[in-house]
Amino acid sequence: MREPTYYVLLTLLDKPLHGYAIAKRSAELSDGAVTLAAGTLYGALDRLETDGLVKIASEEIVNGRKRRSYTITDAGRRAVLGEIARMRSAVAAAETSVDLSNIAGAL
Amino acid sequence: MSDYSFVIRAYPSDVRRELGDEIIETANLLAPQRWSLRQSASLLAGGLRQRAIASTGRSTKTTWAIGLRSALLFQFIAGTAGLIAFQLGARGDISSMSPPISEMIPASVAVIAVLAFTTRWPAAVALTAFSCWLVFATIDDSSFSAWGVTPPMVMALLIIGAAWWLAVFGDGRRTASPLATGLLLSGTVAVAYVTNDPDIVALRLGVPAALLVAGLALVSIDPRPSVVLGCIATFTLLPRLPIEIGIDKATAAQRLATSFIPVAIVCALLALGYRSTSLQNRTE
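First to last, the sequence lines map onto chains A and B.
The opening position of the first sequence corresponds to residue 56 in the numbering used here, with each subsequent residue numbered one higher.
The opening position of the second sequence corresponds to residue 74 in the numbering used here, with each subsequent residue numbered one higher.
Please note that a few of the clues may not be correct.
When the alpha-carbon atoms are kept at most 16 Å apart in a straight line, the in silico EDC-like pairs for lysine to aspartate or glutamate are as follows [to be verified]:
| id | chain 1 | residue 1 | chain 2 | residue 2 |
| --- | --- | --- | --- | --- |
| 1 | A | Lys79 | A | Glu58 |
| 2 | A | Lys110 | A | Asp69 |
| 3 | A | Lys70 | A | Glu114 |
| 4 | A | Lys70 | A | Asp129 |
| 5 | A | Lys70 | B | Asp87 |
| 6 | A | Lys121 | B | Glu91 |
| 7 | A | Lys79 | A | Asp69 |
| 8 | A | Lys70 | B | Glu95 |
| 9 | A | Lys110 | A | Asp129 |
| 10 | A | Lys121 | B | Asp87 |
The hints are simulated quantities; they were obtained by calculation from the structure and are not laboratory data.
All chains should be modelled from the sequences, with the hints used to inform the complete structure.
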């Protein structure tokens with residue numbers, strides 16, 4: 056799973072959000088490491104919607120413009136939780152097999 | 074606030090109608106202080122990706138299968154045409170098919186810029202203008218002859234015909250048939266192989282450039298020709314390269330770079346349109 060995709064799904068775990076809120080929350084969750092531009096964000100949402108991992112929760116008109124909110128589906132929830140488990144496992148493997156403190160000290 | 078209403082035109086019209094306002098609003102909120110190059114580039118790339126997806130409805134596997142089949146068809150027709158031309162003494166080599174890269178890049182950039190924002194009618198208009206230039210440039214050439222002016226005219230007719238055929242009968246969402254696409258490309262190149270005269274400058278520059286432009290126009294409507302062009306570049310370049318290096322390394326290097334243009338187009342389209350696994354879910 057690519058990083059923008061992961062963060063989009065992660066932001067939607069709690070509640071439905073619209074596009075700007077997803078981008079903003081992604082930046083917060085990643086400490087600014089992932090700053091989604093609009094094209095990337097809506098490209099990711101389009102792919103995730105096609106794959107059945109997110110769906111449109113609601114549509115409202117704000118300042119005369121349509122705004123959609125997206126929510127995560129069960130399949131999306133499984134996908135992101137699976138990714139979290141995979142990363143957790145990868146970190147655990149690194150911690151048990153390599154002395155990270157020595158390497159970090161050397162750097 | 075910045076206005077991204079121009080760059081949003083990179084998206085297909087139905088996506089713009091459905092999501093255009095929301096995407097612009099989000100881009101403005103993400104970069105509220107000033108116009109953002111990053112947001113613009115992102116919207117441009119996102120729009121082109123949507124166009125690439127919209128213009129095909131087939132899986133990666135099917136796309137490659139059709140592309141390779143069309144490339145083989147091209148090889149057969151062009152090879153036969155080249156053999157006939159050689160036998161008739163019309164030409165003794167195929168090296169003049171490669172254009173100078175300095176002539177290719179501006180033309181390619183201009184055409185891509187036009188085609189990135191539109192699909193059918195402007196493409197047809199641009200190709201018609203280009204074809205007319207090809208004909209006039211040939212007529213204007215100092216080594217003008219009846220034999221010399223015929224090929225570009227035939228090519229111009231082929232290119233104009235292909236472009237307008239696609240403009241009239243294509244809807245920008247339905248792909249042209251693989252056979253028609255293969256024949257259009259092959260026919261154009263076959264004429265070039267048979268008639269290309271290395272002594273005529275306009276032809277030497279114009280034939281491959283016209284071929285590329287025709288390919289790009291088709292790519293804007295149907296990405297499969299990009300695969301065909303990539304295969305063509307590979308098939309035609311590799312066997313010639315050792316010979317050309319032996320003759321003139323600078324020329325060989327230039328032609329190598331030129332041949333990478335269609336390959337780069339293939340890679341870009343694959344990255345834009347086919348990397349997504351979701352595409353496979355939409356298909357067949």
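Discussion item. Just to be careful, I want the Cα atoms of Lys79 (chain A) and Asp69 (chain A) compared with a cutoff of 16 Å; is the pair within it?
Written reply: This hinted pair holds, its Cα atoms lying about 14 Å apart.
Worksheet item: If you draw a straight line from the CA of Lys79 (chain A) to the CA of Glu58 (chain A), is it 16 Å or shorter?
Response: holds (15 Å)
Worksheet item: Would the pair Lys110 (chain A) and Asp69 (chain A) pass a check requiring their Cα atoms to be no farther apart than 16 Å?
Response: holds (14 Å)
Practice prompt. Quickly compare the C-alpha distance for Lys121 (chain A) and Asp87 (chain B) to 16 Å and report which way the hint goes.
Written response: At roughly 15 Å apart (the allowed maximum being 16 Å), Asp87 (chain B) and Lys121 (chain A) satisfy the hint.
Practice prompt. Decide if the proposed pair is consistent with the structure: Lys110 (chain A) and Asp129 (chain A), CA atoms, cutoff 16 Å inclusive.
Written response: Distance ~10 Å between Lys110 (chain A) and Asp129 (chain A) Cα, so the pair holds.
Worksheet entry | Hint consistency between Lys70 (chain A) and Glu95 (chain B) [alpha-carbon to alpha-carbon, up to 16 Å] | violated (20 Å)
Practice prompt. Starting from Lys121 (chain A), check that the Cα of Glu91 (chain B) is at most 16 Å away, please.
Written response: holds (9 Å)
Discussion item. Hinted pair, alpha-carbon criterion (16 Å max): Lys70 (chain A), Glu114 (chain A). Please report holds or violated.
Written reply: Distance of about 15 Å is within 16 Å: holds.
Worksheet item: Is the hinted pair Lys70 (chain A) and Asp87 (chain B) satisfied, with a Cα-Cα distance of at most 16 Å?
Response: Violated - the C-alpha atoms of Asp87 (chain B) and Lys70 (chain A) are around 28 Å apart, more than 16 Å.
Worksheet item: Between Lys70 (chain A) and Asp129 (chain A), does the CA-CA distance stay at or below 16 Å?
Response: holds (13 Å)
Hints 5, 8 from the list above are not met by this structure, while the remaining hints are.
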